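Those protein sequence lines, which keep their order, are chains A and B.
Reading the first sequence from the start, the letters are residues 0 to 352 in numbering that gives the first Met the number 0.
Reading the second sequence from the start, the letters are residues 0 to 267 in numbering that gives the first Met the number 0.
Treat the hints as calculated values from the structure; they're not laboratory data.
If you're wondering where the values come from, they're calculated on a predicted model, not measured in any experiment.
Treat each hint with caution, since some may be false.
Which chain B residues face chain A? A few, computed with CB under 10 Å, are given here [to be verified]:
1) Ala174
2) Leu202
3) Ala211
C-beta: ideal position from N, C-alpha, C; glycine also.
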Amino acid sequence: MNSKLQVSASPHTRGMVTTRKIMLLVLCALMPACLMGVLAFGAHALGVLVVSVLSAVASEFLYEKLLHKPVTVSDGSAAVTGLLIGMNMPPQIDLWIPCLGSVFAIVVIKQLYGGLGQNFMNPALGARCFLLISFAGKMTTFTPGSGVLKLVTNVPATTDALSGATPLAYFKTGALFDLKALFLGTTLGCIGEVSAIAILAGGIFLLAMKVIRIRIPGSYLGTFAVLTLLTASVRGYDQPFLFTLQELCAGGLMLGAWFMATDYVTSPITAMGQIVFGCALGFLTWVFRMIGSGTEGVSYSIIFMNLLVPVIERYTRPVAAGMARESRENRRLVKENRKEARRLKAAGKKEDA
Amino acid sequence: MSAKNPGSAIGPARGMRRFDLSRYIHLKKDTAPERIVNGIYFENPVFMLALGMCPTLATTTSVTNAVGMGLSTTAILMMSNLFISLLRKIIPERMRMPSYIVVIASFVTIVDFLMQGFTPAMYESLGVYIPLIVVNCIIMGRAEAYAGKHSPLVSLADGFGMGIGFTAALIVVAAVRELLGNGTLAGVRVMPAAYEPISIFVLAPGAFLVLAVFVAIMNRLHIGAARRKDWDPTGKFVCGDCRSCPRVTGCSGKPETEAANHSHGGRG
């Protein structure tokens, strides 16, 4: 029989994309940033990355084995979560902290809610916030290791060491820093977040491979840049453009915008929703960095917006093609029905009384 | 039992063997011992009825606080149950809520002053949560669901059981939180010096995490017991739809309307 004439239930064709392929591409895209982190901070940083990936994969394997569930280690999502946790660690952190973070991310945030696709917040960021609240001191102590790159740890043009933990703390007053160091990643920060150019390379790779779309990172970075530029101008910082650029390159903003906010599970699926999500992220990060008293707010912004994703999706549901008028009509009818129901209820109450 | 029986479709519970206390303890309903066991295990106010969540989350930062909160609530619960039961014949049906509030508030005020006078340190650390016992749902719930309908002595025992159940729940939640978040138990350091406290556990998110884990464990025990192999849907349970019933754990086995009055009433 001619196979083209076969009658069967849908789906009739399948795409070549699988979870495993996507996760492998994401891992590849994260490699430049990891490499820069290891070059800047030395062997201990590599150890942190390895430990967090291994413990994430191991905890997923053990949880699924112990609970007699199908083992999904091979789809690579646990490895991505683990790597992102490692990239969010300060370079000289004790190795048990990323290990604990990986276990928390996989077991509590991902598996207890039903595994990949069911978690309501990004596991890596949830773990980061868990560790940040629990071990505030250790998580915000950045000491340069023995990397091969020379790090900029002084206030520009002087020999004074930076008073804050990272350059971000130094920006609070509107001061300018060495933009080249921020862009290349030769400054202090978490392992995977320091090098803006490496993260950008990874992000563009993901865009080119069509793993992510520009909507979320574009609207996130755009909103944040516009708001920061306005703030810098209003507050009268010298060179607001340079200030905005260094705010964009510093801290976890790039890593968050390209790799965390674009997580399929915890970001909206509708096009409009993704833009709303990105803009809200940009606004929140701006609030945390420019208005709030802390220095960094990317992770809190993202997990906060993760919680609002169902609401965003509900209000940005696209209209079926050619159904715009019907959709409007439907909405009008629903509204009228509700009004009618309220009227009836009120009338019923009056009768009771 | 015929094949038409709705319960026969529900097979034996799979997985590990469930612990079922009701197999080992047979007590006559509405007697003092039954009420006490009921308050501690079968209808534990925190884990099973999900009442009194606010003090559970807020005052379990240390075992000392949990004991103080639990015992003061127990004292108030016993006294209010006793007096509401004594007054149940003369309190008019329509005015019962305000009357209960007056009785409860009187005892809360007494306990508040007593604690301020004799345990000032505890009074300081519990702060606003002592006066807030007035609006604790457990007390209102027991008055409405039990003390207003039963004789004084049984109501007193019910208050004692519920109070001890509440105290026990607070203590186990607080023990885990204090141990992990501070490395101590009731102020005494028990973890080795090298232990780095995971301070999120003494903060609000830790309270939710620990409470959730305990509720999950209790649900596992109770639901497992309700769905055990030799479970007879025509016997203890009435509606027979236990597999999909969200309240199976608190089911008293009476017809739905009456059961609702007994175990699920007054969640205010």
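Against the structure, the hints come out as follows:
| no. | hint | in the structure |
| --- | --- | --- |
| 1 | Ala174 | 18 Å, violated |
| 2 | Leu202 | 6 Å, holds |
| 3 | Ala211 | 9 Å, holds |
This entry does not satisfy hint 1, going by the numbered hints stated previously; all others are met.
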